[in-house]
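Asks: Line order of the protein sequences matches chains F and B.
Per our numbering, residue 10 is the first one in the first sequence, and the count goes up by one each step.
Per our numbering, residue 10 is the first one in the second sequence, and the count goes up by one each step.
Treat the hints with care, as some may be off.
Note that identical chains are pooled: a pair holds if it fits in a single copy or bridges any two copies.
Claimed, not checked - With a cut-off of at most 16 Å between alpha-carbon atoms, the simulated EDC-like pairs for lysine to aspartate or glutamate come out as follows:
1) Lys235 - Glu170
2) Lys98 - Glu61
3) Lys202 - Glu282
4) Lys206 - Asp167
5) Lys235 - Asp167
6) Lys70 - Glu37
7) Lys11 - Glu282
8) Lys96 - Asp48
9) Lys70 - Glu249
10) Lys94 - Glu138
11) Lys297 - Glu282
12) Lys70 - Asp226
13) Lys11 - Glu45
14) Lys286 - Glu131
15) Lys82 - Glu43
16) Lys63 - Asp194
17) Lys279 - Glu308
Simulated from the structure, these hints should not be mistaken for laboratory data.
Number of protein chains: 2
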Amino acid sequence: MKSIKVFAPATVANVVCGFDILGFAVNEPGDELEMEMIDTPGVNIISIEGDEGKLPLDPSKNTVSASIISLLKKLGREDVGFNLKLKKKMPMGSGLGSSSASAVAGLFAANELLGKPLSRLELLPFAMEGEALACGHGHADNVAPALFGGFTLIKSYDPLEVIQLPVPKLFCALLYPHVDVPTRDARQIIRSKVLLKDAVTQWGNIAGLVSSLYTHDYDLLGRCMKDVIIEPIRSILIPEFDNMKELAMGNGALGFGISGSGPTVFSLFKSKENARKSLEEMQAMLNKLGIDSNIYLSEINEKGPVIL
Amino acid sequence: MKSIKVFAPATVANVVCGFDILGFAVNEPGDELEMEMIDTPGVNIISIEGDEGKLPLDPSKNTVSASIISLLKKLGREDVGFNLKLKKKMPMGSGLGSSSASAVAGLFAANELLGKPLSRLELLPFAMEGEALACGHGHADNVAPALFGGFTLIKSYDPLEVIQLPVPKLFCALLYPHVDVPTRDARQIIRSKVLLKDAVTQWGNIAGLVSSLYTHDYDLLGRCMKDVIIEPIRSILIPEFDNMKELAMGNGALGFGISGSGPTVFSLFKSKENARKSLEEMQAMLNKLGIDSNIYLSEINEKGPVIL
Numbered sequence: 010m011k012s013i014k015v016f017a018p019a020t021v022a023n024v025v026c027g028f029d030i031l032g033f034a035v036n037e038p039g040d041e042l043e044m045e046m047i048d049t050p051g052v053n054i055i056s057i058e059g060d061e062g063k064l065p066l067d068p069s070k071n072t073v074s075a076s077i078i079s080l081l082k083k084l085g086r087e088d089v090g091f092n093l094k095l096k097k098k099m100p101m102g103s104g105l106g107s108s109s110a111s112a113v114a115g116l117f118a119a120n121e122l123l124g125k126p127l128s129r130l131e132l133l134p135f136a137m138e139g140e141a142l143a144c145g146h147g148h149a150d151n152v153a154p155a156l157f158g159g160f161t162l163i164k165s166y167d168p169l170e171v172i173q174l175p176v177p178k179l180f181c182a183l184l185y186p187h188v189d190v191p192t193r194d195a196r197q198i199i200r201s202k203v204l205l206k207d208a209v210t211q212w213g214n215i216a217g218l219v220s221s222l223y224t225h226d227y228d229l230l231g232r233c234m235k236d237v238i239i240e241p242i243r244s245i246l247i248p249e250f251d252n253m254k255e256l257a258m259g260n261g262a263l264g265f266g267i268s269g270s271g272p273t274v275f276s277l278f279k280s281k282e283n284a285r286k287s288l289e290e291m292q293a294m295l296n297k298l299g300i301d302s303n304i305y306l307s308e309i310n311e312k313g314p315v316i317l
Numbered sequence: 010m011k012s013i014k015v016f017a018p019a020t021v022a023n024v025v026c027g028f029d030i031l032g033f034a035v036n037e038p039g040d041e042l043e044m045e046m047i048d049t050p051g052v053n054i055i056s057i058e059g060d061e062g063k064l065p066l067d068p069s070k071n072t073v074s075a076s077i078i079s080l081l082k083k084l085g086r087e088d089v090g091f092n093l094k095l096k097k098k099m100p101m102g103s104g105l106g107s108s109s110a111s112a113v114a115g116l117f118a119a120n121e122l123l124g125k126p127l128s129r130l131e132l133l134p135f136a137m138e139g140e141a142l143a144c145g146h147g148h149a150d151n152v153a154p155a156l157f158g159g160f161t162l163i164k165s166y167d168p169l170e171v172i173q174l175p176v177p178k179l180f181c182a183l184l185y186p187h188v189d190v191p192t193r194d195a196r197q198i199i200r201s202k203v204l205l206k207d208a209v210t211q212w213g214n215i216a217g218l219v220s221s222l223y224t225h226d227y228d229l230l231g232r233c234m235k236d237v238i239i240e241p242i243r244s245i246l247i248p249e250f251d252n253m254k255e256l257a258m259g260n261g262a263l264g265f266g267i268s269g270s271g272p273t274v275f276s277l278f279k280s281k282e283n284a285r286k287s288l289e290e291m292q293a294m295l296n297k298l299g300i301d302s303n304i305y306l307s308e309i310n311e312k313g314p315v316i317l
């Protein structure tokens with residue numbers, strides 16, 4: 010009987026000017042998963058901690074198990090099975106790629122236990138399947154950074170092409186305010202048409218941002234972290250968005266934006282101290298308004314899932 | 010009495026997915042300018058060759074002289090003047106940045122004769138002024154590559170920020186069909202709103218294209234040379250666009266697109282031989298339809314304007 014314990018990271022998708030195409034992983038928070046391979050077919054969810062009973066235990070409906078079942082089928086390894094214990098160490102529905110982290114943890118662990126038949130790139134479609142089950146759409150901008158670590162660019166969806174970008178040596182400050190912004194709602198308020206001049210501004214920024222990662226010009230990175238299309242609409246769903254942004258920028262943030270479809274907000278800093286100060290000030294401001302929040306501070310994750 | 014002779018390159022702007030933000034310079038064609046500095050104020054256009062009498066000789070209305078007059082005023086050097094002889098060695102109104110090349114040649118030559126008081130970056134606004142005089146809008150996507158050489162990204166217009174990207178070792182094939190597509194008309198047929206999903210596709214491609222230049226992955230560059238927004242509309246103004254594209258791609262082009270606002274089309278190749286073959290086949294096809302054309306084949310220009 011073989012067993013393994015793994016960690017998979019939370020991710021920031023829709024990175025400002027990179028709506029639907031740019032994401033990155035963080036070292037904190039993330040999910041932990043214990044898995045054992047068994048000789049009897051089937052994927053069994055033994056326990057889930059930290060989900061407040063919200064995640065389905067039915068293997069065909071749970072993101073983690075469903076994507077592993079697909080993997081086993083594809084590999085023709087339906088002779089074996091797995092027992093899973095998932096520890097959700099991050100909030101769900103927060104815009105931090107919770108379902109992606111779980112799916113990636115499961116696929117990574119299963120692939121390791123099976124003797125690594127697939128590369129990380131080959132695991133991507135299975136993780137996207139899991140994501141589709143959880144969110145109703147199979148976008149890769151959380152899944153890809155969770156799987157590869159670092160900054161990942163989804164160059165195109167059809168055919169699926171992922172580019173791993175250079176990883177900036179920066180600190181990411183995350184604040185998850187305890188308000189409810191379902192992914193589906195956040196998608197529905199976005200307009201289907203945008204002004205060409207705004208699109209041009211956006212592609213100047215995303216092109217500049219990619220350049221800044223290759224040249225390690227983090228001031229340029231900051232100047233490119235502007236979103237004239239999605240943020241003006243989605244930020245109205247997030248309490249005190251403009252005031253939090255002002256606090257972060259006032260503390261030296263290179264840029265500030267919505268993580269995924271929110272309500273978590275993120276900012277990037279050169280200085281860990283400034284990042285911490287910014288998080289504390291934002292949290293104190295929300296506290297005064299009676300809004301609880303979680304805060305996280307870490308470097309950009311470079312490894313994706315790891316064996317613990 | 011000091012004099013100088015300079016060359017400034019033609020440029021490809023609106024590089025496929027980089028509408029309004031991405032341009033590059035070519036070694037051929039380009040403009041030549043002879044200039045002498047004189048002790049009497051005023052900029053005098055002694056002669057213009059190759060313009061079929063179309064360019065104004067009035068110094069206040071000519072792109073070259075007007076931008077030099079601005080420069081002298083800004084520098085407080087209205088005590089001196091210049092005599093100019095311009096040799097247009099490229100077609101005008103062709104989508105090859107003809108007015109930019111002339112303006113850049115003039116400013117570069119004047120700056121040299123004055124003892125280089127300004128950097129190339131500092132010359133950019135004066136060149137944009139000249140461009141505005143010629144085209145009715147002060148876009149920088151022809152001017153910047155003509156001035157700096159290579160691939161240039163206009164990260165933003167307000168404030169103006171230009172990023173010089175790595176220069177690919179590729180061959181550019183240009184074909185200018187002798188049909189009339191005024192810049193103003195080409196601008197007017199573009200819709201002011203675009204689908205968000207198309208904008209997302211476009212920014213995935215521009216981000217991937219920038220990445221490909223840093224990693225010298227020219228196959229990726231080719232996969233990113235797709236324009237789902239402007240090309241479908243503007244290509245209808247260019248005779249045999251789809252057939253020319255098919256010929257170029259069939260000969261191994263990495264990508265194919267409209268140069269500036271047309272009617273010139275460009276394609277990028279790894280092989281000079283394939284580029285030449287493609288140009289000859291396209292030209293032969295247009296000949297059969299009674300459409301004359303100019304063809305040019307060169308590497309990407311790395312230097313911008315040079316002293317001859």
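Asks: Broken hints, numbered, in rising order?
Replies: Failing hints, ascending: 3, 6, 7, 8, 9, 10, 11, 12, 14, 15, 16.
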